[in-house]
Amino acid sequence: MSSRTRLLLFGAAALVIAAFFAVACTEMPRSGGASHPYGDRAVAAALAHRTANVVSSVNFDVRAFDTLGEESILFGTVLGATLLLRLARDEHRRPAASERVLPTTRLLGTVLLPVALVVGVYVVAHGQLSPGGGFQGGVVLATALHFGYVAADYRVLERLRPLAVLDVADSLAAASFTAMGLACLAAGGAFLRNVLPLGTFNTITSGGTVPLFNAAVGVEVASGVIVLLAHFLDQAVEITGPGETKEER
Amino acid sequence: MGVWPYLAAGWILLVALYGLVTSRNLIHAVGCLAVAQSSTYVMLLAVGYRDHGTAPVFSDLRPGSRPLVDPVVQALALTDVVVGATVTALLLALTIQLRKRHGTVDPQALTGLRG
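Keeping their order, the protein sequence lines are chains F and P. If you're matching positions, the first sequence starts at 1 in our numbering and goes up one per residue. If you're matching positions, the second sequence starts at 1001 in our numbering and goes up one per residue.
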């Protein structure tokens, strides 16, 4: 198909989509309206379970089963990327060379690495109180480690991330979510039910099982993202194809 | 705000589809797909918005003192972001393999099947 025909076909389809979408929008309840029955019930449920961050309460208490699916998707992606980006038979792995870094860049990375790690742990631990949680904090933690790459070189990053340990941590954290759900089933009669003492509202121990699920997801996301990025970075830095030298890339 | 946020979401979707249709580079196409997905974030947040509402977080807010936006769609948007990130990662991994096996990332140059 020529690009002109393709564009014409798209133009016609886009006009139809745009027309029907615009008509559907005029029939929707207007944005900003006062009627949010599910939202009101979610807020009431969060307050009843003494969880200050209602979004966390929805994700890890009311809709915890959906979050189990969500973290399984993440786990599946890490597995899939590991499979897709494995070393092929005709490829070679060369150890990365050590590289020179500007002293100011080194200083910036060295200072920011511990700060970012602490921020990540804080975001995971306070997920039930303030915006954040396991998913967001996990990504911060994974990014923090890569300051090692910015501040030094790839060899330092490889020493900073024990991939074998992180692979196991990823699987264990994914499994622990289900295990905790089953423990809730044994103790409270329903899968993923919030059975722990709810604590005092707006303190770090409040929310019952929400902080535990947050921690499990935080570990899983952090190790999963590091492993995922490691495979991509290996492709860029260390793995060379047949008859290909590093300088050519 | 009426229907404008919904229409903006639809506009973002169409722009992304245009990019996907005309794309000559799979990495660019993956970026377009991410834009298409971001239209769903706009849609979800537009559905959940309440006039003069604030974030549904009570760490510095007395319950009942102000109207709150809908937390359910915000949680859905979080799920959406996570799924979007995983899809992007897998597609980029596939693109790397394509580049290795076929020597191109132009979707229009990929015509033959090869084992």
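Wrong hints could be hidden among the right ones.
According to the in silico footprint, chain F covers these stretches of chain P (three or more CB under 8 Å from chain F) [claimed, not checked]:
#1 1038-1050
#2 1067-1079
#3 1089-1103
Derived by calculation from the structure, the hints in this document are not laboratory data. C-beta atoms are modelled at their ideal positions from N, C-alpha and C, and glycine is treated no differently.
Cross-check of the supplied hints:
For a cut-off of 8 Å, the count of residues in the region 1038-1050 of chain P with a CB near a CB of chain F stands at 5, and the three-residue condition holds. Proximity of the region 1067-1079 of chain P to chain F, defined as three or more residues with a beta carbon under 8 Å from a beta carbon of that chain, is established by the 11 residues found. A stretch counts as covered by a chain when three or more of its residues have a beta carbon under 8 Å from one of that chain; for the region 1089-1103 of chain P and chain F the count is 8, and the coverage holds.
Consistency note: the structure conflicts with none of the earlier hints.
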